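Given only the sequences and the hints, what does the whole structure look like? Please build it.
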Amino acid sequence: MSQLGDDELTLILNWVTDPKDRQSFSEVCKQWLRVEGLNRSSIRLLEPEHLLRVLPRFPNLLQFEASKSIADSDLELIARFCPKIEVIDLNSKTPRKISDKFDEALLFDDFGNDGLCALAHGCPKLRKVSIRRRKNVGNFGIVSLVDLSHNLTYLDLGFCSLVSDPTLDAIGSSNSIMVLGLQGCSLITDRGLKFLANGSCSKTMKRLNLAGCDRITDFGVSNLQNMCGLVELNLAECGPKITDSGVVSIAAIRSLKRLNLSWLINVTNQTVVALAENCRKLEMLDLTGCELGTQHPCSPYGRP
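Counting from 1, one number per residue, gives the positions in the sequence shown under full-length UniProt numbering.
Calculated directly from the structure, the hints in this document are not laboratory data.
If you're wondering where the values come from, they're calculated on a predicted model, not measured in any experiment.
Heads up, some of the hints might be wrong.
Listed next, with one range per pair, are the computed distances between beta-carbon atoms [what the hints assert, rightly or not]: (1) Cys228 x Glu47: 44 to 50 Å; (2) Thr204 x Glu65: 24 to 30 Å; (3) Lys257 x Leu52: 41 to 47 Å; (4) Asp214 x Ser73: 34 to 40 Å; (5) Leu148 x Ser73: 18 to 24 Å; (6) Thr204 x Ala252: 46 to 52 Å; (7) Ala252 x Glu47: 47 to 53 Å; (8) Arg207 x Arg280: 17 to 23 Å; (9) Glu291 x Glu65: 39 to 45 Å; (10) Arg44 x Gly289: 34 to 40 Å; (11) Ser41 x Lys93: 21 to 27 Å.
Subject to a maximum C-alpha distance of 30 Å in a straight line, what follows is the list of computed DSSO-like cross-link-like pairs (lysine-lysine) [as the list claims (entries may be wrong)]: (12) Lys93 x Lys206; (13) Lys281 x Lys241; (14) Lys203 x Lys281; (15) Lys125 x Lys68; (16) Lys257 x Lys68; (17) Lys281 x Lys135; (18) Lys135 x Lys93; (19) Lys194 x Lys84; (20) Lys206 x Lys257.
Note that beta-carbon positions come from the ideal geometry of N, C-alpha and C, so glycine has one too.
Rendered as structure tokens:
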């Protein structure tokens, strides 16, 4: 076995798919450890403090995942050692129960704009980025990411509480983003939606999640009709400032298949009728909590 070269070992390793078996492979000797590292395409980091020790082994990583607090310096290491990364999932964990309170002290150790900028400069092949609930991430870091990641098609910023309209201005100029998650980004206003609807991304966007963005109004929502290729839109819990006036305009998006209007208390049957008449591809319409919208039969959906 000692006479096997790296190429032969790589061919053998390609047949090993079980993670435990690959781990056993890497423990045979130093050569096998090195070959396994060179062929590793994804990693889920459980303990960030070990990053410097393990990361140099995996220069060909394509996917990286970490849900715990991770520092700017850690993201700088990723950018330095793993320039080929395409998918990065840094979604912060949600508490499992009420007693599991979010530790505010972790905010001081968690990454922010500096770390995100390092990724943007060091990992030019990024195409999918998820950073939900990262409270230190603001406009500067995300704008850098969007401007430098020309292959970026998926961006989830859910509950990043510092995200506001300047981020949407940058995203609006993107020619690649197809999926955008802005759930719980409560600083976003109509101005930001206008950036999205009037920018280059209006031609590429397929899925848009604005749930819980309660500063937006009918004016901002009406601009979304310019996103002619949109397939899925989530406006759940966006507040009482969204009424039929804004949502009826969405019926102009003929490509819509999934629409969530739950808990928009000022949406009525006027919206439902408009959607039924114009959005023939609609497969799912969530009207949970729209009391005014469910008082009468929605007869348009019953027509052949």
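Hints, verified against the model:
| no. | hint | result |
| --- | --- | --- |
| 1 | Cys228 x Glu47: 44 to 50 Å | 46 Å, holds |
| 2 | Thr204 x Glu65: 24 to 30 Å | 26 Å, holds |
| 3 | Lys257 x Leu52: 41 to 47 Å | 45 Å, holds |
| 4 | Asp214 x Ser73: 34 to 40 Å | 35 Å, holds |
| 5 | Leu148 x Ser73: 18 to 24 Å | 20 Å, holds |
| 6 | Thr204 x Ala252: 46 to 52 Å | 18 Å, violated |
| 7 | Ala252 x Glu47: 47 to 53 Å | 50 Å, holds |
| 8 | Arg207 x Arg280: 17 to 23 Å | 19 Å, holds |
| 9 | Glu291 x Glu65: 39 to 45 Å | 41 Å, holds |
| 10 | Arg44 x Gly289: 34 to 40 Å | 36 Å, holds |
| 11 | Ser41 x Lys93: 21 to 27 Å | 24 Å, holds |
| 12 | Lys93 x Lys206 | 26 Å, holds |
| 13 | Lys281 x Lys241 | 27 Å, holds |
| 14 | Lys203 x Lys281 | 18 Å, holds |
| 15 | Lys125 x Lys68 | 24 Å, holds |
| 16 | Lys257 x Lys68 | 35 Å, violated |
| 17 | Lys281 x Lys135 | 37 Å, violated |
| 18 | Lys135 x Lys93 | 12 Å, holds |
| 19 | Lys194 x Lys84 | 34 Å, violated |
| 20 | Lys206 x Lys257 | 10 Å, holds |
Comparing the model with each earlier hint shows violations of hints 6, 16, 17, 19; every other hint is respected.
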